[in-house]
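Model the placement of chain L on the given structure of chain D, informed by the hints.
Respectively, the protein sequence lines represent chains D and L. The working numbering puts the last residue of the first sequence at 372; the count rises by one with no breaks. The working numbering puts the last residue of the second sequence at 205; the count rises by one with no breaks.
Please keep in mind that the hints were generated in silico from the structure rather than gathered at the bench. Hints may be right or wrong, so weigh each one.
Keeping only pairs whose Cα atoms sit at most 35 Å apart, straight-line, the calculated DSBU-like set for lysine-lysine is [to be verified]: (1) D:K16 - L:K20; (2) L:K20 - D:K69; (3) D:K71 - L:K20; (4) D:K237 - D:K196.
As the structure is a computational prediction, the values presented were derived from the model and not from experiment.
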Amino acid sequence: MDRYRDFSLGEFVWDKPFRNWVLNPTREDDETWQNWLAAHPEKREMVERARKLVLSIRPANASLSNPEKRKAVERIVERLEARNLDSAEERRPPWYAGRAVRVAAILVLLAGLGWMFRLRHQPKAVGYEQLVAATKMEMRETVNATDQPLTVSLEDGSSITLDPGSKISYPPHFGDGHRGRREVFLSGKAFFDIAKDPSKPFFVYANELVTKVLGTSFTVRSFADEQEVSVAVRTGKVAVFSREDPDMPEKQSSRELTGVVIEPNQQVVFVRTSVKITKSLVPEPEVVADAGVAPHLEFDEAPVSAVLSALQSAYGIDIIYDKNIMDECPITATLTEMSLYEQLDLVCKAVNASYESIDGRIVVEGKGCRNN
Amino acid sequence: MKALTRSDLHPAMYLEEEQKLWREMLAGDVTAYEHLIDRTYDLLFHYGTKFNGDRELIKDCIQDVFLGVWEKRNALNPEIPPKPYLLASLRRRLHRLASRLRMDCMDYYNESDIVFDLEFNAEYQLIESENDRILASRMTEMLNELPKRQKEAVFLRFYNDMEREEIAMVMDIQPQSVSNLLQEAFKFIKSHWKAIVSLVLALPF
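Looking at chain D on its own, in the form it has when it is part of the complex:
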């Protein structure tokens, strides 16, 4: 205790044993300090000042009343006892051991797997914006904001006629890059008249459908808000496949047209919700331009088979019929200035036959005319 003889006020205030005596006095501390003060009465005043300073300068503590503290302590002990009770019942089978719970768990698991499977196999709606964003090529975009068709001429001599409300993205130059492909992206409806260049196939990406052509004319209809994407051919042949097709890279690079091949007056419709490509005839087939300058469609007592054959070559559409039966039926008719379906209606009515459009072809069925 001798060291305290020369202590200043500040030294007392920050002296650990001194503070302990002031703040948390024990009986022994008190005895020691009282004895020392009795021996050093000259220090009494300073010690008293230091004591009051120590006592008065305190950390600002949040108040905690005794009842509040008691409640908190009791709550902890209660919790503990509740837990101990739980563990005493540990031998009871756990909640998940029940048969029902196990069956439910398996069902939940199966449902989860099914859901995951669905997620993985759910058709992914692919949009124009994503497709364009995904390409690494420099792209130019033309939007037809007018109410008239707008023709866009491409570098290779091809032309694209954009319907109102449609837009197309295409590279300013079809370079040799990207394996010599000509690639464009369409949103909306457009008629394509593609310059022939077998070494550089032309691709139209429209939502989920990819159309590959070597040189031909066709229409693609692919509006973002429509459930169907369709490709209809005017001249030549095009191949259509889905982006989701696992063989797509192969089909894209193949020298031949693989996938669903469509010919003039045929179209494919891709139903976006079902990922199904169906081939059919266009609603209004047109006479194929190079089928002969003026298709001869006037018949006088000609067999029906000859009429159907003439229609087939005029429209470039396969018409399937039983030649033996149709040879027997003669017909006199003038079929000019009519649509294909009107012509077929007339012919079939005359010979008591019927027709169906199946898979982009026309199938004519009749019983023949022998008994008439």
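What follows is chain L alone, placed relative to chain D:
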């Protein structure tokens, strides 16, 4: 419950009593457990509220600390000092809580929200001398100017009677760093003390 008060005991005995409760509690004695909670609750509560002003949250955290201690009682060392251990657990818990909050709302919480924030107060009614009142008020201002980590070390050392190693355990730093913090705090206090005292002495009363 008969609680021993500090004045009944020699400091060493007091600490020995705490250690004894800790040992008994780890052995599964619920009464010792309750005594220990009762004895350390104020300190934990006051320490906790320095980090976060939400007193209900602090109470919940203290409860979690004690329930955690009971659960881990077979794995805990009966010879570690209980108070620093409990304070350290509470501190860790509050930090974890704060970093979770930080992750949830990145921009609203930053490091400064989880540091020890302590204000010192002077209770003047104890002091008769005007001189000493001014002294007390200057000292309080000075303490409040201490950097926060130094304040925390001072709080644990001078207001809660902790040793260097114990403070290191609570603050999760090296004992040497505790010494450095305290030394810096003292350098600051001493340099200002002289100015304060001379100022007070120069005043005409």
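Consistency of the hints with the structure:
| no. | hint | verdict |
| --- | --- | --- |
| 1 | D:K16 - L:K20 | holds (25 Å) |
| 2 | L:K20 - D:K69 | holds (22 Å) |
| 3 | D:K71 - L:K20 | holds (24 Å) |
| 4 | D:K237 - D:K196 | holds (11 Å) |
Of the numbered hints listed earlier, not one is contradicted by the structure.
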